[in-house]
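*Asks:* Could you put together the complete structure from these sequences and hints?
There are 2 protein chains.
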Amino acid sequence: MTNTIFNHRSIRKYKSDPIPEEILERVMEAGSRASTTGNMQVYSMVVTKDEEIRKQLWESHFKQDMVLQAPVHITFCADFNRFNKWCRQRKAEPGYDNFLSFYTASIDALLASQNVALEAEANGLGICYLGTATYMADRIIDILNLPEGVVPVAAIVMGYPDEQPPLTDRLPMRAVVHNEIYQDYSPGDIDEIYAEREGSDLTASLLEENQKETLAQVFTDNRYKKQDNLHFSKQFLEVIRKQGFYNQ
Amino acid sequence: MTNTIFNHRSIRKYKSDPIPEEILERVMEAGSRASTTGNMQVYSMVVTKDEEIRKQLWESHFKQDMVLQAPVHITFCADFNRFNKWCRQRKAEPGYDNFLSFYTASIDALLASQNVALEAEANGLGICYLGTATYMADRIIDILNLPEGVVPVAAIVMGYPDEQPPLTDRLPMRAVVHNEIYQDYSPGDIDEIYAEREGSDLTASLLEENQKETLAQVFTDNRYKKQDNLHFSKQFLEVIRKQGFYNQ
Numbered sequence: 111m112t113n114t115i116f117n118h119r120s121i122r123k124y125k126s127d128p129i130p131e132e133i134l135e136r137v138m139e140a141g142s143r144a145s146t147t148g149n150m151q152v153y154s155m156v157v158t159k160d161e162e163i164r165k166q167l168w169e170s171h172f173k174q175d176m177v178l179q180a181p182v183h184i185t186f187c188a189d190f191n192r193f194n195k196w197c198r199q200r201k202a203e204p205g206y207d208n209f210l211s212f213y214t215a216s217i218d219a220l221l222a223s224q225n226v227a228l229e230a231e232a233n234g235l236g237i238c239y240l241g242t243a244t245y246m247a248d249r250i251i252d253i254l255n256l257p258e259g260v261v262p263v264a265a266i267v268m269g270y271p272d273e274q275p276p277l278t279d280r281l282p283m284r285a286v287v288h289n290e291i292y293q294d295y296s297p298g299d300i301d302e303i304y305a306e307r308e309g310s311d312l313t314a315s316l317l318e319e320n321q322k323e324t325l326a327q328v329f330t331d332n333r334y335k336k337q338d339n340l341h342f343s344k345q346f347l348e349v350i351r352k353q354g355f356y357n358q
Numbered sequence: 111m112t113n114t115i116f117n118h119r120s121i122r123k124y125k126s127d128p129i130p131e132e133i134l135e136r137v138m139e140a141g142s143r144a145s146t147t148g149n150m151q152v153y154s155m156v157v158t159k160d161e162e163i164r165k166q167l168w169e170s171h172f173k174q175d176m177v178l179q180a181p182v183h184i185t186f187c188a189d190f191n192r193f194n195k196w197c198r199q200r201k202a203e204p205g206y207d208n209f210l211s212f213y214t215a216s217i218d219a220l221l222a223s224q225n226v227a228l229e230a231e232a233n234g235l236g237i238c239y240l241g242t243a244t245y246m247a248d249r250i251i252d253i254l255n256l257p258e259g260v261v262p263v264a265a266i267v268m269g270y271p272d273e274q275p276p277l278t279d280r281l282p283m284r285a286v287v288h289n290e291i292y293q294d295y296s297p298g299d300i301d302e303i304y305a306e307r308e309g310s311d312l313t314a315s316l317l318e319e320n321q322k323e324t325l326a327q328v329f330t331d332n333r334y335k336k337q338d339n340l341h342f343s344k345q346f347l348e349v350i351r352k353q354g355f356y357n358q
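Chains A and B, in that order, are what the protein sequence lines are. Residue numbers for the first sequence follow my numbering, beginning at 111 and rising by one. Residue numbers for the second sequence follow my numbering, beginning at 111 and rising by one.
Just to be clear, a hint being listed does not mean it is correct.
Capping the alpha-carbon separation at 27 Å, the derived lysine-lysine pairs in DSSO-like fashion look like this [stated by the list, open to error]:
#: 1; chain 1: A; residue 1: Lys352; chain 2: B; residue 2: Lys336
#: 2; chain 1: A; residue 1: Lys344; chain 2: B; residue 2: Lys344
#: 3; chain 1: A; residue 1: Lys336; chain 2: B; residue 2: Lys201
#: 4; chain 1: A; residue 1: Lys336; chain 2: B; residue 2: Lys352
#: 5; chain 1: B; residue 1: Lys201; chain 2: A; residue 2: Lys335
Pairwise CB distance ranges, derived in the manner of DEER restraints [to be verified]:
#: 6; chain 1: B; residue 1: Lys335; chain 2: A; residue 2: Lys335; range: 35 to 45 Å
#: 7; chain 1: A; residue 1: Gln358; chain 2: B; residue 2: Asn255; range: 21 to 31 Å
#: 8; chain 1: A; residue 1: Pro282; chain 2: B; residue 2: Asn357; range: 27 to 37 Å
#: 9; chain 1: A; residue 1: His341; chain 2: B; residue 2: Thr278; range: 37 to 47 Å
On the chain A side, residues computed to face chain B include the following (Cβ under 7 Å) [to be verified]:
#: 10; residue: Leu254
#: 11; residue: Gln327
#: 12; residue: Phe342
#: 13; residue: Leu347
It is worth saying that the hints were derived from the structure and are not from the lab. Note that beta-carbon positions come from the ideal geometry of N, C-alpha and C, so glycine has one too.
*Replies:* Written out as structure tokens, the structure is:
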């Protein structure tokens, strides 16, 4: 366990070797063992191998090379469709057309996704999460034919690694762990927490490459811009509404 | 890995034995190795051991016994507060006061939570997720002193198990896995998928106990009711707004 978790790195280059069916089955089953709210299992996992469909997904995921390379693409969805259908067939009136239910289903989907990612890695596979799943939810719904009650919330690509990147640096543990209650950060705390990252060679090359004065500007001005966030925010809320989770 | 994932069961009875500090540290570090969007690490984990504070948390988590019993309580939060403060100290203007950013931070927090849960189990500990974290987010914010930019999205209790429950039944894999694209469910599919669960002894005793005709009614009428969902839905959206994630 332990080694798998501590050895995780996102893989962005893949061999074309297919994943043996029995390994893929075990990986997906690992997803189903994650905690799920009230054992409702309000999530679905769409496993796409077909090259033509993966090409469409690649287009919606900002055309990142790895999406074409990796032989398997998995889309994790918040899914109340199956549960609602079951209720209606069993003389029960479902009341899950609201934001809380969407969020509950999101939690189910995301916990399952992390189990899938870890079990894949424990079997020698590599994975990478695609943050673009929520940005492009509307397009993914079309490609994967997701019905009402289903929203894509995460996606990963999976395959045999064709690179061995170093572990990604992380902030010191005191940055992300709070004892007893939340301890807010003083300006001195922020300086301390980010010191190592800001002083790294990686940061130096990012500043050079992006022509920026600070690493934070690389994020705010180039990578995760306010105008893009607002745009995709509106789109994602609209998707949640359209898929039937906005009864107020 | 593999065994840990496949042996997971939620633990609802705990011994009072404390968790050794070095084990807890390793468990929390496992959380920090999960994938995180753009390595922003926009989450925080609040580890509460203090009995008085845990008692307050117990009250907000619907007074479930296990919350008082388990020696450690961890609240996983979507957190842009630290990142925003860093940006402002580095001449960068953060644009993360929107729903997409909240959701991105939620994903970070939830992936970290699953790593924490699994690493705990790999070390002989038991855990249980508390679905009430989102229902009672407003109260948890008060108890843990969470500032703007921080929203609790999941909580787990952790300790040494004082019970050995059986594995929870799951729907057959074909219920939650779709090949290539989403295959919607026919009435016959729904009957098939739920047949084993509906025919179980557990279901028989739940129907008896709840005085219901179908298992689905136990969910819609007793466990996850429409009126409660709508109530907590409004409250959670209000929390997201109040914590600064609702710039449209």
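*Asks:* Look at each hint and say if it fits the structure.
*Replies:* To see whether the hints hold, each was checked on the structure:
no. : hint                            : verdict
1   : A:Lys352 / B:Lys336             : 19 Å, holds
2   : A:Lys344 / B:Lys344             : 18 Å, holds
3   : A:Lys336 / B:Lys201             : 15 Å, holds
4   : A:Lys336 / B:Lys352             : 19 Å, holds
5   : B:Lys201 / A:Lys335             : 15 Å, holds
6   : B:Lys335 / A:Lys335: 35 to 45 Å : 41 Å, holds
7   : A:Gln358 / B:Asn255: 21 to 31 Å : 30 Å, holds
8   : A:Pro282 / B:Asn357: 27 to 37 Å : 30 Å, holds
9   : A:His341 / B:Thr278: 37 to 47 Å : 41 Å, holds
10  : Leu254                          : 5 Å, holds
11  : Gln327                          : 4 Å, holds
12  : Phe342                          : 5 Å, holds
13  : Leu347                          : 6 Å, holds
In summary, the structure agrees with every hint in the numbered list given earlier.
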